[in-house]
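With full-length UniProt numbering, letter number 389 in the sequence shown gets 389, and the count goes up by one each step, no holes.
Any given hint could turn out to be false.
To be verified - Capping the alpha-carbon separation at 20 Å, the derived lysine to aspartate or glutamate pairs in EDC-like fashion look like this:
#, residue 1, residue 2
1, K300, E427
2, K14, D121
3, K135, D205
4, K135, D194
5, K300, D254
6, K144, D205
7, K91, D187
8, K144, D121
9, K144, E199
10, K327, E360
11, K91, E172
12, K14, D58
13, K144, D11
14, K300, D321
15, K91, E107
16, K135, D209
17, K14, E199
18, K14, E211
19, K300, E360
20, K91, D142
21, K319, D371
22, K135, D119
23, K91, D209
24, K91, D11
25, K144, D194
26, K135, D121
27, K144, D119
28, K327, D228
29, K14, D142
30, K135, D58
31, K135, E211
Hint data in this document are derived by calculation from the structure and do not stem from the laboratory.
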Amino acid sequence: MREELNQGLIDFLKASPTPFHATASLVQRLEAAGYQRLDEREPWTTETNGRYYVTRNDSSIVAIKMGRHSPLHGGIRLVGAHTDSPCLRVKPQPELQRQGFWQLGVEVYGGALLAPWFDRDLSLAGRVTFRRDGKVESQLVDFKAPIATIPNLAIHLNREANMGWAINAQTELPPILAQFAGDERVDFRAVLTDQLAREHGLNADVVLDYELSFYDTQSAAIIGLHGDFIAGARLDNLLSCYAGLQALLTTETDETCVLVCNDHEEVGSCSACGADGPMLEQTLRRLLPAGDEFVRTIQKSLLVSADNAHGVHPNYADKHDANHGPKLNAGPVIKVNSNQRYATNSETAGFFRHLCMAEEVPVQSFVVRSDMGCGSTIGPITASHLGVRTVDIGLPTFAMHSIRELCGSHDLAHLVKVLSAFYACRELP
């Protein structure tokens with residue numbers, strides 16, 4: 001099972017270079033399992049034991065497994081994650097022609113570790129909006145091939161490169177795509193028009209706009225002398241999206257279960273499809289009883305907010321609290337912060353720990369050092385919007401927000417097992 005899950009994750013990461021592609025990958029797997037699309041612009045008709053999903057902006061998704069039991073009596077089991085990862089986004093007018101090279105201007109999305117983006121074989125993917133036969137349409141594109149790179153400056157020309165060199169995102173990050181000759185003009189939208197034709201057989205009259213990201217073409221892999229690790233891009237947080245999906249699809253239960261994967265977590269979640277927007281609440285209000293019964297249902301429910309945790313790096317162990325150092329391959333981590341950067345409380349933490357113990361899954365705890373700031377997740381945001389009890393958890397990870405992150409090869413199976421138990425549990429606290 002572990003090997004099958006890990007290979008499935010690797011395939012999912014490869015198919016999901018952007019939040020748009022991640023959502024499409026989730027949709028493909030849900031539909032293969034019999035889930036039906038609900039259109040937010042139309043009336044909904046749902047049935048007991050029905051399987052449904054809703055997307056917004058092509059980059060966020062809510063999947064719902066309606067239970068045989070009324071959610072008013074047993075509550076809802078929710079798992080939350082996010083589809084986005086730090087990256088380099090192409091600017092609206094990106095063409096740069098310098099020293100005989102064609103480059104694209106980029107904007108840093110989220111809190112990316114920038115140094116690892118240099119000297120990589122980069123490709124480009126995302127969503128393109130265009131006009132065809134007088135109508136405005138959108139389509140996902142993925143060049144797949146390594147079409148760009150950001151070469152480092154030789155150390156001979158930058159002797160301080162290994163002494164804390166600050167990277168200027170405006171001047172040093174534009175990737176090189178090609179050389180050009182003489183007065184040749186480059187037109188990025190023409191390139192996108194050609195890509196639409198090659199990839200989808202679409203003859204666009206004009207490309208109107210786009211949301212495109214560069215990504216590393218190196219596939220995720222099982223690595224280490226004994227295969228102890230998974231290395232790959234976007235583990236934060238497609239790892240949790242995939243784990244939640246696998247648990248949802250494989251769990252037999254009479255309870256109502258939800259998987260929500262929001263976009264824009266890495267930039268604050270404040271959007272129509274982010275956790276700080278109304279998508280999840282609006283979806284649930286259309287599926288659940290209204291008024292007093294809706295509030296009662298939410299108060300009987302529980303959310304597991306799954307987002308990667310910082311594992312103790314052997315070279316930087318002092319960056320962790322000595323008593324709260326999560327280890328790779330030692331199970332999921334319960335994340336706690338007294339200042340509500342995580343939504344965990346003693347009740348929800350205790351319940352998650354109880355699930356892990358019942359399933360014989362190892363479990364760990366994380367608290368940030370008292371002299372350091374703490375990151376956050378969709379957990380506190382979703383909890384404050386819905387009023388739902390929440391526990392923040394995640395799998396230990398190295399190099400979070402790098403172009404290539406690292407997690408334990410045993411931990412995915414641990415997480416899927418405990419999330420499956422959560423979906424299947426008959427009683428919530």
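Status of the hints after comparison with the structure:
{"no.": "1", "hint": "K300 to E427", "result": "holds (9 Å)"}
{"no.": "2", "hint": "K14 to D121", "result": "holds (14 Å)"}
{"no.": "3", "hint": "K135 to D205", "result": "holds (10 Å)"}
{"no.": "4", "hint": "K135 to D194", "result": "holds (18 Å)"}
{"no.": "5", "hint": "K300 to D254", "result": "holds (16 Å)"}
{"no.": "6", "hint": "K144 to D205", "result": "violated (24 Å)"}
{"no.": "7", "hint": "K91 to D187", "result": "holds (13 Å)"}
{"no.": "8", "hint": "K144 to D121", "result": "holds (10 Å)"}
{"no.": "9", "hint": "K144 to E199", "result": "holds (10 Å)"}
{"no.": "10", "hint": "K327 to E360", "result": "holds (17 Å)"}
{"no.": "11", "hint": "K91 to E172", "result": "holds (15 Å)"}
{"no.": "12", "hint": "K14 to D58", "result": "holds (18 Å)"}
{"no.": "13", "hint": "K144 to D11", "result": "holds (14 Å)"}
{"no.": "14", "hint": "K300 to D321", "result": "violated (34 Å)"}
{"no.": "15", "hint": "K91 to E107", "result": "holds (6 Å)"}
{"no.": "16", "hint": "K135 to D209", "result": "holds (14 Å)"}
{"no.": "17", "hint": "K14 to E199", "result": "holds (17 Å)"}
{"no.": "18", "hint": "K14 to E211", "result": "holds (19 Å)"}
{"no.": "19", "hint": "K300 to E360", "result": "violated (26 Å)"}
{"no.": "20", "hint": "K91 to D142", "result": "holds (17 Å)"}
{"no.": "21", "hint": "K319 to D371", "result": "holds (10 Å)"}
{"no.": "22", "hint": "K135 to D119", "result": "violated (40 Å)"}
{"no.": "23", "hint": "K91 to D209", "result": "holds (10 Å)"}
{"no.": "24", "hint": "K91 to D11", "result": "violated (29 Å)"}
{"no.": "25", "hint": "K144 to D194", "result": "holds (14 Å)"}
{"no.": "26", "hint": "K135 to D121", "result": "violated (35 Å)"}
{"no.": "27", "hint": "K144 to D119", "result": "holds (17 Å)"}
{"no.": "28", "hint": "K327 to D228", "result": "holds (12 Å)"}
{"no.": "29", "hint": "K14 to D142", "result": "holds (11 Å)"}
{"no.": "30", "hint": "K135 to D58", "result": "holds (19 Å)"}
{"no.": "31", "hint": "K135 to E211", "result": "holds (19 Å)"}
Against the hints set out earlier in the document, violations occur for numbers 6, 14, 19, 22, 24, 26.
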